[in-house]
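J.: The residues making up each chain are set out below.
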Amino acid sequence: MAFDTTQLIPLLPEIILLVGVSLVLVIDLMVTDKERTWPFMLTLFTLLAAGCTTVMLADGTTQVVFDGTYIRDPMSDILKASLLFLAVPVFIYAREGLMKSGQWRGEFMTLTLFAILGMMVMISSNGFISLYLGLELLSLCLYALVAFNRDSSKSAEAAMKYFILGALASGLLLYGISMLYGATGKLDFPSIAQAVVGKESDIVLVFGLVFVVIGLAFKFGAVPFHMWVPDVYDGATTPVTLLVGSLPKIAALGLAMRILVDGLGELQESWQMMLIILALLSMALGNLVAIAQENIKRMLAYSTISHVGFIFLGILAGSDEGYRAAIFYVIAYAAMAAGAFGVLIALDRKGLEVDQLHQLKGLNEKHPWLAGTMLLLMFSMAGVPPTVGFFAKLFVLEAIVSVGLTWLALVAVFFSIIGAFYYIRVVKHVYFDKPTDDVEVEVGGAAQVMLAINGLAMLALGLFPAILMNLI
Amino acid sequence: MFADFPILSTVIWLPIIGGLLVLGSGDKAPNVSRWLALVVAVLTFLLSIPLWSGFDVTTADMQFVENTPWIAAYDINYHLGIDGISMPLILLTTFITILVVIAGWEVIQYKPASYMAAFLIMEGVMVGVFAALDAMLFYVFWEAMLIPMFLIIGIWGGPNRVYATIKFFLYTFLGSVFMLVALIYMYFQSGSMGILDYHVLELGLKEQILIFIAFFLAFAVKVPMFPVHTWLPDAHVEAPTGGSVILAAIMLKIGGYGFLRFSLPITPDASNELDWIIILLSLIAVVYIGFVALVQSDMKKLIAYSSISHMGFVTLGFFIVFMIAQNSAADSGAVLGLEGGMVQMVSHGFISAAMFLCVGVLYDRLHSREISSYGGVVNVMPWFAAFMVFFAMSNAGLPGTSGFVGELMVILASFRANFWFALLAATTLIVGAAYTLWMVKRVVFGDVTKESVASLQDINAREALVLGTLAFMVLLLGVWPAPLIEVMDVSVTNLLQHILVSKVGG
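Just so you know, the protein sequences line up as chains H and Y, in that order. Just so we're aligned, residue 1 is where the first sequence starts under the UniProt record's numbering, counting upward by one. Just so we're aligned, residue 1 is where the second sequence starts under the UniProt record's numbering, counting upward by one.
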């Protein structure tokens, strides 16, 4: 196939992002301003421009370019658009936190933007090679970011753990990919999908599938491949935790959908059982262990693990409804996680990070807006209507009931009751306890406004979930 | 002229939006937020009156219907409508909320704006529960109710409030999520989320039993029935007066309403099959919990247990209908059971609200709920004593008060089912009289022996207004229950005919 420049059009968002990040990299060298206003503005502009381009390109069609390695379809549009637009609040919160700890450096912007670029490549990959490329671009940026607070031994340790386990996961994934390649002789998903028809019980294929699923589970942080999650969440500085905890989930879903559905949809019976086990273990362990956490970052880490279980439920339903539910869930979850870490950042003081539950005591007395935001976010995570978290859970439950897995729905709601406890415990600290100190909450205007929007969006999408659902 | 005016939506959203405005008015000018809250509450009540005056008592169809798509992809609609079962409960809600706002006027000094806002939002959500005809809409309102109540108990409650409110939240959450799965399951059986479509959905007996159990978990916790009642005394004791009033007067009724709207019509065969469980648990609640109430030393706990016992009557009335239908050809006895349960719900809404407000009056003065802290109150607070004795009498089921009507109807209906049920149920009249009057004797009568009691001031005009209004309603319903029975008669009869037809293999 001859190269033709129109093939670049579906890639416009990625190109805009790449140009933007290069400019940020250069401009940041010349900036003397401590607040780095210009590179920051450029970053936001890049994200918005790329996001708007994605929306404009979205026309419900599918385009495959670059010899079948790259795809733009409705799923990639919605995932990329939500990724880019959610990156805006993430940057605003992260800037707030890094300025407080005196670590607001240009590298954060470039590394994060490159990570986002990697995520976009993952979401749009149509074959294992481009997928792996995107995954490594994302992972390498995240490893470096976790160690961003270079003076902290805790961060260094977390980054090391993340790197080793992440590299291991990538290795497992690659090994699985090589098996699949061996069995099918293909690397792009449509050809693999054709090649596996009728080979459901091919031992090499199933062997490869197991390794691929393990690699995926590592990236998602599903039990029993979750060990890195709490350590990384806790070890990284909160602005980085915010990043690690929100956006990559969207990309991970894209990864799972591309491999399992586009590539190996025929093997659904095999991977459905694996995902059921992973989902059950994740929901059980995540919710139970989160109860024991006094460190709120670790608590949110275990909460992530339990939410991953729910996302897997949507995927394993194996129906279009299930996939839509999983996409809805992951977007809602990324927004909730960004908001929750954003509130923690808002509470940070100069040189002191807030990471213990008791530090939230009496927040309602000090700052009712932040308290209200936290309330909405926590009820949303617990899945209590009228917040978006409820509808995310509802759509997933509907999807699994519709394929006859009612028992799984019962187990899932059972664990969400257990989960409700630790979320409302946060509300208890915020609303029912008296403050233990009288330190004022200092939070910048932009972050404050963004947090209020973030919290209210959880409510608004809970009242009108059709707004988001119709896009998916 | 009101034909197209969305009254139900207004009654739901006016208090919610008003509540947000009150919240926004802030705690700096408490009087502004108090008056604003009162205006919103009164306006909502006035707007809910057309629901009664414009109600057509000759049809069992849903009235004041509003139906617009909400989440089209899943057939979820914003579908509202009321019949004779839900309408009285909506009016009860809007009425009680006014009293709660007035009762909290001076007492609540900590964040009064948030307090008023929570109750107004709560009001809108509760009306939504009664008016929703779409299963998901119902569930959203049902669960959303938990958030304001969780905060009300947790922020303005007593010393042990955190334990109580978390227990309250988790108990009710536990009950309702299984109902959610049942609702989703039926969506795939019927292809619709409409509650009325579920009513006519054909289900096998095994499915019905499972769905019945899921509903039972949700509603039994809310009512609450023995043995899942233990959250109620804790929540009541720790909640501020207004919270207790709303809990007892309305939230418990939502459980009873759920049985009527979901369990009975959707799973009639399972209800028929398993009615003995409910009857047994109801009788245990009526008798055993009555005795538990007798030994309480805390006034609020005593009234909480008395509520559980009275709600036992309600569930008994609802579920003896199958036995009556077997015993006699005419269904008039069965109608009596259902209607008795409904009257008992409304009446208990007034009486329990009044009892908790009475305790609130005392608590505001002496900050003690212990019976032993009082004695001889009549000597210093004669007006208050008159009210308290009156409400205690109606709680015990004195003829001429609303408490008597509901209990009598249920007992009469029980006779047609089984003599022994009626006998056991009738014992509450004795036990109820014993615990209420004994409490009144220890609190109100006798000589003043404590200095703190001697210094008590009688009720002021505001408190007299609240208690007086309730006393009027209790008396009115007691001597002239006909209008209430008239509005629900057609709907209840229709419900009864529906549930007596088997869905299995029909």
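Each hint should be verified, as a subset may be incorrect.
Unchecked claim - Straight-line distance between alpha carbons at most 20 Å, and here's what the computed PhoX-like set of lysine-lysine pairs gives:
#1 Y:Lys450 / H:Lys434
#2 Y:Lys301 / H:Lys366
#3 H:Lys361 / Y:Lys441
#4 Y:Lys301 / Y:Lys441
#5 Y:Lys28 / H:Lys366
#6 H:Lys350 / H:Lys366
#7 H:Lys186 / H:Lys199
No lab work stands behind these hints, which were simulated from the structure alone.
J.: Hint by hint, say whether it matches the structure.
T.: Hints, one by one, checked against the model:
{"no.": "1", "hint": "Y:Lys450 / H:Lys434", "in the structure": "violated, 34 Å"}
{"no.": "2", "hint": "Y:Lys301 / H:Lys366", "in the structure": "violated, 34 Å"}
{"no.": "3", "hint": "H:Lys361 / Y:Lys441", "in the structure": "violated, 44 Å"}
{"no.": "4", "hint": "Y:Lys301 / Y:Lys441", "in the structure": "holds, 17 Å"}
{"no.": "5", "hint": "Y:Lys28 / H:Lys366", "in the structure": "holds, 15 Å"}
{"no.": "6", "hint": "H:Lys350 / H:Lys366", "in the structure": "holds, 17 Å"}
{"no.": "7", "hint": "H:Lys186 / H:Lys199", "in the structure": "holds, 14 Å"}
Consistency note: the structure conflicts with the earlier hints numbered 1, 2, 3.
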